Amino acid sequence: MIQISIISILFAGGVLAWLSEQFRPDGSRWVSLASIVACLLLLMNFNGNVSAALSGTSVAAQAQWWELVSAEWIPRFGVNLILGLDGLSYLLILLTLLLGIAGVLASWKEIHDRVGFFHFNYLWTLAGIVGVFTALDLFLFFFFWEVMLIPMLFLIAIWGHGNRIYAAIKFFIFTQASSLLMLFAIVALVYFNYQNTGVVTFDYRQLLDHGLAPTTAFWLMLGFFIAFAVKLPAVPLHTWLPDAHTQAPTAGSIILAAILLKTGAYGLIRFMLPIFPEASAAFAPVAMAIGAISILYGAKLAFAQSDMKRLVAYSSVSHMGFVLLGIFALNTLAIQGAIMQMIAHGLSTAGLFALVGMIQERIHTREMDRMGGLWIKAPRMAAIALFFAVASLGLPGLGNFIAEFTVLLGAFPTNRLATVLAAIGLIGAAVYALIMMQKVFFGKTRDQQADEPQAFADVTPRESVPLLAMALLLVALGLLPKLVFNLSAPSAETIAQAAQSVLPSSRLADTGATPALRQWP
Amino acid sequence: MQDYIGWVPLLPFIGFVLLAGAALFRKQEIPETLSAIIGAGSVGLAALLVALIGREFLANGAEPFTVTAWQWIDTGGLQAGFSFYIDGLTLVMLGVITGVGFLIHLYSAGYMRGDDGYRRYFSYLNLFVSAMLILVMADNLALLYLGWEGVGLCSYLLIGFWYKDAANGAAARKAFIVTRVGDTAMAIGLCVLFMHFGTLDIQQINGEAGAPGVDAGIATLAALLLLGGAVGKSAQMPLQTWLPDAMAGPTPVSALIHAATMVTAGVYLIARTHPLFEASEFAMMAVATVGALTLFIAGCSALVQSDIKRILAYSTISQIGYMFFALGVGAWSAGIFHLVTHAFFKALLFLAAGSVILSLHHEQDIFRMGGLRKKMPVTFLSFVIGCACLAALPFTSGFYSKDAILLQAWNHFGGLHWLWLLGTLGAIVTGVYSFRLLLLVFFGKEGSASKHCNDANTAIMSGPLLVLCTLALAGGLLTLPLAGVFTTDPAQTGQLVINHTAEIIAIAAPLIGLAIALFAFRKGWFAENAGSKTWFGKQLAPWWRNGWGFDAAYDALLVRPFTGLAGLNKSDIVDSFYKFTIQVSQVLHRQLSATQTGQLRWYAMTMVAGSIFILALVALL
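Protein chains in written order, with our numbering: chain E, 1 to 521; chain A, 1001 to 1621.
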């Protein structure tokens, strides 16, 4: 029931936040903060499962679903309300709620206009995301997939910066066109499954034994893949992201980069690989190549940007390439790494976007060429920025390193060339992260800021506390990665086993070209 | 005592947390004395702990032991603990890092006094010591990599310590990125090792790599990739270009990080995984070649520099070249011995140089110095001892270690070999540039800056200098507990044959260098513009001064193409495809909306035309 409660609280909180604007100007902010905190408290209910997982109870001993809710919705078409919660969903919901709080705090001073409606959209996006992370019925999944999209569109289009309408429409068309492909694939899958088994169902667990012909499965897999790859985003489907991120308000950027992108990765792990193991294995070399290209291409474009927010946006493209690489390496180690990357990248990117937001609030520009010397003015902000910059470049001791390191180690036996290219991306990350530090914080204060009437203030507690919390979490993940690994192990191992049963070569015994290549239809 | 080994890196880390955390809770800076006590005290305690553990370790027969703090990564077949492996090699490194590190911390307390970033300085320095300790104590390559990147970060932070000057930030970035190129090679090396051996545990890998029947191709590949990491961190060819620029940091930082400890991490890595290197003759030759070439070209560059710190930087590159050379010829313990003695005398030289720079109000050009021997007696003494060790004059510590390297190289190659020749030539060059430095700074006429000399040595600065003087002089008498580590090293197994020809040449080389330096100084050949019209002055010297053109080559071949390409593609070429679809639909939209004229006649006509078209189709088909 917890999943339903959380989703309902977020939906209801959204409505309440909209209404409360009437009574108190700050009302909506407090309502939305309270609703997210309430959800977080509800999630604490699973302390038992969490500590069991952390204490190292063997994977087999754990029940697959911590909580499973099932109710009829449209029986005629086999559509049910099935919401499940396991370690993987738990982690992602936790991330969603934590960064949800960070987003509310980051927008506290930034949003003045239609505050109630802002928080309505904000909470509904979060609700949609939580729904995506728990839905086990493909129809319901698609429903939530759309629910999170529309309010996000409003967040960008109404409260965004300069070129916000263009960015919002671009975001909408990319996501909508690709999710249309997924809808086709879902319907086709259900139809073919009906033909084979005589049962009409959207339940993902029943669809696992669809018995499709390999060619059909491959094309349907592609439909899912494109939808998820757009969300991820993977080159060349990434171009909506820099615009959407740059134009969105800070809270929107945080949600977009830190959580919304993860729904793509989640879809790959939860739905695409288990439903189409053979087709995915056949497609793996291509997907891993796309991952490696995304890493390098994203890093290079990040370096080229002069808009600080665009730089961070492109760095997301680069980092999510590791997720793609890891997932399609099809072994436990690399998939675990990909999941860790989802969490760690969520935290580090949210931190960077929040910092860009703070700087923009103060000097009304994101152009790094007009910054410089901010270390002198705001040493604490510089220290925090330094932390998130080195987290982003994968410094050991922080979560991002664990993620990238395990992805590389896991992916290397599967696809050496792609892994070596991905490793070169580590240099690229150092290049763009440090050029950002250099342009923004090093050197002397530039003249352009001298005309700013107010001095550049250092971070306030409202700004710094969430960032410090995120920083601490990144350190915790870097030193005790089992906080994530043990919770996500069942999902990662199930998927890896399914994939390994298709791929004859085991991870360490793999000797030559991936045999999967020959199964290309 | 041995169970407390985890406290060795933890103590400086606590120091870092206290110093860095102080900024969160206090608006004002904490007093300088408190920062210094926390900063130097934590490293001092760590040094004390190392001494106690070391005594127990040696009393127990130098038996290696492992301590696991906690299981760090454990998933999908990868197991890497936060575990420390202590043997003779680790202990030697621990001694150098905490001992020399403590002295440099003390010296810094005096040197940095009055700087805005006093607390920040010590917090970085403590973090560095902690990371460096983890690097040498790690029992698996994942943890070693953590320390490896950690020291790289601290190096970045400390080179760019004076952030108000953007050039320092650029130098720091260069250091980080160039070493990261090496680190990436190393990361790929870890992938190869993990794929082949299924573990990152160093002792297991060493055991399997040392066993007969190991795949030589894999060993070569893995060893070369690790060598890539080592040349980056240790500033060896072809990744040496960052170290001279790294001198932008405070001088005690150059002493600690860019001379005594961090830059020797590459040497440590190769020594630590020596069975892997021994399994591949090609990799060993590669290490020796890298070392010999680097020691020679960096020595030549040191010969023509005018900045006191850049001379020392190039000499560091050159001396680490000797260590690599030693490793490559299987003289493992001699290489580590040179690492230790170099840590003593190079830290001494850098700290003494720091005193000179501070006394001359931040003047670094040696041509503006001169005649300082009377004005700065302690510094002068330090320099004399440091330069004598660097040049490896007989009976100094540098002599014992360098002599051993050249001797074992001779034996390894079974006689005259061009790499040995480079090493010997390098020894002469070292003699020349060491005494050129000493003579130009402390003898001769007073330069323009010397006139304003004001000896800045306080007790807290001259104390460490004097201790280091003693260590540099007497360090050659140390016996390192390396017998159990390098079981294949002839010097440890007692099979070392001493060839007297090679021995005499090795003793003579630095003396020849000294003689050349004295002669050239007397002739005035070292003066600023001497020989500027000769071929040497016009062609060779500028080339050497700029590090043999490596920077220019990288700039032309890598940096500019990359930035150029990045600039060209700033607005993302992929996006133009989507923009193109927008344009297409807009054009179509305009064309189609042009048909909506609003005129009834036009609509009627098009309807008729359409009907005729359809009828025609029907009739034809």
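Hints may be right or wrong, so weigh each one.
Distance windows between CB atoms, simulated [stated by the list, open to error]: (1) A/V1559 / E/V465: 36 to 44 angstroms; (2) A/A1167 / E/T365: 48 to 56 angstroms; (3) E/F184 / A/Q1586: 38 to 46 angstroms; (4) E/F184 / A/F1550: 20 to 28 angstroms.
Some chain A residues flagged as far from chain E (calculated, every beta-carbon gap over 12 angstroms) [as the list claims (entries may be wrong)]: (5) D1074; (6) S1123; (7) T1184; (8) H1196; (9) L1496; (10) S1576.
Derived by calculation from the structure, the hints in this document are not laboratory data. Note that the structure is predicted; figures quoted are calculated from it, not measured. All C-beta atoms, glycine included, are put in the ideal place defined by N, C-alpha and C.
Regarding E/F184 and A/F1550, is the given constraint of 20 to 28 angstroms on their beta-carbon distance met? violated (57 angstroms)
Using the beta carbons of E/F184 and A/Q1586, state whether their distance is inside 38 to 46 angstroms or not. At roughly 27 angstroms between Cβ atoms, A/Q1586 and E/F184 fall outside 38 to 46 angstroms, so the hint is violated.
Looking at A/L1496 again, its CB stays over 12 angstroms from all of chain E? Since the minimum Cβ distance to chain E is about 39 angstroms, A/L1496 lies beyond 12 angstroms and the statement holds.
Distal placement of A/D1074 relative to chain E, Cβ over 12 angstroms: A/D1074 is in fact no farther than 12 angstroms from some Cβ atom of chain E, at 7 angstroms.
Note whether the CB distance of A/A1167 and E/T365 lies within 48 to 56 angstroms or breaks it. Since A/A1167 and E/T365 have Cβ atoms about 24 angstroms apart, the given range 48 to 56 angstroms is violated.
Run the C-beta distances from A/S1123 to all of chain E and say if the shortest one exceeds 12 angstroms. Violated: least Cβ distance 10 angstroms, not greater than 12 angstroms.
CB-CB spacing for E/V465 and A/V1559 relative to the 36 to 44 angstroms hint: Taking Cβ atoms as reference, A/V1559 and E/V465 lie about 40 angstroms apart, which means the hint holds.
Beyond 12 angstroms on every Cβ pair: is that true for A/S1576 relative to chain E? violated (9 angstroms)
Taking 12 angstroms as the cut and beta carbons as the points, is A/T1184 off the interface with chain E? Nearest chain E Cβ is 5 angstroms from A/T1184, so the label is violated.
If I take the minimum Cβ distance from A/H1196 to any residue of chain E, is it greater than 12 angstroms? violated (9 angstroms)
Hints 2, 3, 4, 5, 6, 7, 8 and 10 from the list above are not met by this structure, while the remaining hints are.
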